[in-house]
Amino acid sequence: MGGFTSHAGAPGKSFRGFLSHHGLVVSGGILGLIFIGAVFAPLLSAYDPYTQDLANRHIPPVWYERGTWEHFLGTDALGRDYWTRLLYGARASLFIGFVSATIAGLLGVALGVSAGYFGGRVDAAITFLINLRLSLPVILVALAVVALFSGTFLVIVVLLGCLLWDRYAVVTRTLTKQLKEKEFIASSVALGSSRTGIIAKDILPNLANHLIVVWTLEIAHAILLEAALSFLGLGVQPPTPSWGLMVSEGKDLLFFEGWLIAIPGCALFLLVLSINLVGDGIRDVTAPENLT
Amino acid sequence: MNSAPVLSVRDVSIALPASGERAYAVRNISLDVYPGETLCIVGESGSGKSVTAYAVMRLLPKMMRLESGAIFFRGRNILNLSMADVRALRGNAVSMIFQEPMTALNPSFTIGNQLREMYSRRPKPGDPKGPPQRAASILELLEMVRLPDPARLLGAYPHQLSGGQRQRVMIAMAMALQPALLIADEPTTSLDVTTQARILDIFRDLRENNDTAIIFVTHDFGVVAEIAERIVVMEKGAIVETGTAGQVLNTPRHAYTRKLIAAIPRMRAEKKALAPGAGTVLKADGIGKTFYTRRGLTRRLYTVAAVKDVSFHLKKSEALAIVGESGSGKTTLARCLMRLLETDAGTLKINGVDFMALRGDSLVRHRRAIQIVFQDPYSSLNPRKTIRDTLLQGPANFGVPGPQALARARQLLRTVQLDENALNRYPNQFSGGQRQRICIARALMLSPDILVADEAVSALDVSVQSEVLKLLDDIRNRTGLTLLFVTHDLRVASQVCDRVLVMKDGGVVEHGPVSEVFNAPRHPYTQTLLAAIPGRHWRSLS
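If you read the sequences in order, they're chains A and B. The opening position of the first sequence corresponds to residue 126 in our numbering, with each subsequent residue numbered one higher. The opening position of the second sequence corresponds to residue 1133 in our numbering, with each subsequent residue numbered one higher.
Don't read these hints as lab results, they were simulated from the structure.
Computed list of lysine-lysine pairs in DSS-like fashion (alpha-carbon distance at most 30 angstroms, straight line):
1. B:Lys1636 <-> A:Lys305
2. A:Lys305 <-> B:Lys1481
3. A:Lys302 <-> B:Lys1440
4. A:Lys305 <-> B:Lys1440
Based on the provided sequences and hints, a complete structural model is requested.
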């Protein structure tokens, strides 16, 4: 009787629930546009991202005096169309973000659930691993690995996947420990369910909507790390377009042609922001109170 | 009542958010509280009794809006006061005690510290108490709430106190500035009966020795019978009956009040006939369970003997109650019997099979025989599973073919009086009582021989409670199910059970037929428990 609990009315069909969440609609829209841009890049631009055109170097975007509609976001120091580079660059960011956050998720959830569910020695060992991982400086490790294996796409994706599992593990471990004490788990044991059955049917589904949030945070994190690595010259190697690389290539002209940095910078900002908002929105909409 | 009321609530309506089940939390309620009297607001969950109390403190959550009406405190409408004036009233002229004593005190400060803060934060105008007088009046307060050794207690931290002691500290804090009005929201609900009896004594003291008016919010008519002078009965946000304690308790006018009073479980300690010649299904011998924890830098070993040498046996279709207060080990015992916890000592035979010795697959196969229903209907169902998945889980583990299991699920849903289309819904669409029925159906899916009910009706409203008890009784009569009923409520135990086992500090203090134990308790502890039942002098209950 002490407090009050609010049960917002079930939003009927889940699709209507999605649409009634304004943050989710706006951020989902932005993310969708970036996604479409990346997939249909060849259709959305008349240029090739690699072809240099030394006659048309340093053209500013269209809103500047010297800008033209032919290259409406301008060209870079090698005369490549900036809009085209941006579209193709989104492919690198999205791919690295999604794939490495997913790899990290599989690792982290497996470790976190084992630690939380089995406890005891297993928990002690995995907690030690988590602490070990947290004490490693991500950028330095990434630098070392890339220096050893060179910065191919595959190396970067696997590397980030193996470095970003800590948050998943911490979150799943704590949640699993709490869930394990719930009486529905005890009922499942009494009904003769196996441990794998309980983890698959009672624990993982109840972790899912928290994990969606961590997943989106880690996608954003991975995208920013890839950009940072590319900026340092250790990520995606030129001439492959990537937003981090574009910032890096533009940094010498920071004070003269600021848009070279501002455009990929804004794109990164929008992408990361919309991913985070989508994560929050999905968590709200899929909360168990809203199940119908 | 010749003086003017301290508090007058006039035509207050409080709106709920648009999406809720009903439009108003409370609608057009009016009530008066006079100096020195104890007014009980009674109702089931969702009746709006707590909302009313919160509105008086201006503590309504943001989503609830006070739509119309006025609340006069000593003639001033507190709804028109600025927040600064409201803060000046709170704790000073109006104070409040909450349900959960475990979280109501700040764990980082000593009791003395928190009591002194009450004075320093709000110096009473015209009564400037210096530190020495303050110290004296704090000791006086602690003596008033009958706390042992108050001087030593001032240096103690909240975690060193029991729940009952903390609730007494809360009352002392609330009474520190001699408020004109004290609001207590279910202050004894989370306490044991014996502790509750002592807290109710303190409330009676307060009434006799002070001018403070008390609003006591509760769902328990037994408690009401103990302390109320006037009673307000609420149902679904409306006041259905108001009157003096004698009138409402003994000659209730409104049908809802009559229904509530009728639903309170009565002591039913008559002899019950048992089917002759029934075989033994469960035989427990010397069950023991000790918890070990290592704490601190030295990793010192602490041991708690939660269950000590418990022996009993159960015949087919018998019902045994295990009663005791919190910490008596009754829930640990239930979990040991289920093999949800491993025991350290003793043997357990179910249908002649040594249940404690089973391992791996053979343990899983024998789990069918004993099933459990838990206390909290909200955490006993997986919120991500439909009722169909929940019910079919057990049969699926035992390889029962789907269609056959589904037919049984349908049949059991009818048995527990739920609609068949419940199958496709999620737990959040059911009320607490309905969820508890689903839990019972889930436990029965495997046709167990023994059903353990671990405080299975404690979290439910009385009217729902009586329905669930009746349901369990019906099922037992029809199917010959053996019941092991773990509860703290002696009256509930007397309703369903033939035999009772009283536990204290992990051990059994008394064991025998309900009629003997409850009519002529031998052990002093059983006598204390029986004497602490609230409302035992009220003739409707005895």
